[in-house]
Amino acid sequence: MSKALIVCGEKKHAGGKIVKVCVKIFEDLVKGVVISGDFFVDPAEDFEELLQELAKIEVKREEVTALVSELLKKKKLDFSGITMEDVVEVLSRVLQQNQESFLKDFSS
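Residue 535 is where the sequence shown ends in the numbering used here, and the numbering goes up by one at each step.
If you are wondering where the hints come from, they were derived from the structure by calculation, not from laboratory data.
Hints are supplied without guarantee of correctness; some may be wrong.
Derived pair list, reagent style EDC-like, types lysine to aspartate or glutamate, alpha-carbon separation capped at 16 Å [what the hints assert, rightly or not]:
1. Lys438 to Glu516
2. Lys451 to Glu480
3. Lys451 to Glu490
Here are the computed distance ranges between Cβ atoms for each label pair [said to hold, decoys possible]:
4. Ile445 to Ser496: 17 to 23 Å
5. Ile433 to Asp465: 19 to 25 Å
6. Lys487 to Ser507: 30 to 36 Å
7. Asp469 to Lys430: 36 to 42 Å
8. Ile445 to Glu475: 15 to 21 Å
9. Pro470 to Lys430: 35 to 41 Å
10. Asp455 to Lys503: 14 to 20 Å
11. Asp505 to Gln479: 17 to 23 Å
12. Gly443 to Leu478: 20 to 26 Å
13. Gln523 to Val461: 17 to 23 Å
14. Val515 to Asp469: 17 to 23 Å
15. Ala482 to Asp455: 16 to 22 Å
Predicted, not measured: the structure shown is a model, and the values here were computed from it.
The beta carbon of each residue, even a glycine, is placed where N, CA and C say it ideally should be.
Start from the sequences and build out the full structure, keeping to the hints where you can.
Structure representation (structure tokens):
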């Protein structure tokens, strides 16, 4: 029986701020993404709306980075302390580094 996995990664931006991304995966589908850290985002309401959207996504692993990038661009958020690219980089790294272990776990 497959089980859901939650994996996280983080990056310290050149200015010292940290962005953390956690991904929930079930049967090779991404079932939610959480972005957190010690950075600021304006407008805060739009970022909260984005987080709610990301918590409900259900897409294949290979589609999630493009989807998150698209949503971040669409919201036109102004990050202070990190960049949109930092978020996408951490997300991509989490998915790539853990893909083999996910597949092994699901096949057992």
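Tested hints:
Among the hinted pairs, Lys438 with Glu516 is consistent with the structure: their alpha-carbon atoms are about 9 Å apart, no more than 16 Å. Under the criterion of a C-alpha separation no larger than 16 Å, the hint pairing Lys451 with Glu480 is consistent with the structure, at around 14 Å. Only pairs whose Cα atoms come within 16 Å are accepted, and Lys451 paired with Glu490 is accepted, the gap being roughly 14 Å. Checked against the hint of 17 to 23 Å, the C-beta distance between Ile445 and Ser496 comes to roughly 20 Å, which is consistent with it.
Roughly 21 Å separates the CB atoms of Ile433 and Asp465, a value that falls within the hinted 19 to 25 Å. Separated by about 32 Å at the C-beta atoms, Lys487 and Ser507 satisfy the suggested range of 30 to 36 Å. For Asp469 paired with Lys430, a C-beta distance near 38 Å keeps the hint of 36 to 42 Å intact. Against the hinted window of 15 to 21 Å, the Cβ-Cβ separation of Ile445 and Glu475 comes to about 19 Å, which satisfies the hint.
Range check, Pro470 to Lys430: about 37 Å between beta-carbon atoms, so the 35 to 41 Å window is met. Range check, Asp455 to Lys503: about 31 Å between beta-carbon atoms, so the 14 to 20 Å window is missed. A hinted range of 17 to 23 Å holds for the C-beta pair Asp505 and Gln479, which are about 19 Å apart. Checked against the given bound of 20 to 26 Å, the beta carbons of Gly443 and Leu478, roughly 23 Å apart, stay inside it.
Between Gln523 and Val461 the beta carbons are some 18 Å apart, a value that agrees with the proposed interval 17 to 23 Å. A hinted range of 17 to 23 Å holds for the C-beta pair Val515 and Asp469, which are about 19 Å apart. Checking the proposed 16 to 22 Å range against Ala482 and Asp455 shows it holds: the Cβ atoms sit about 19 Å from each other.
The structure does not agree with numbered hint 10 stated previously, though it agrees with all others.
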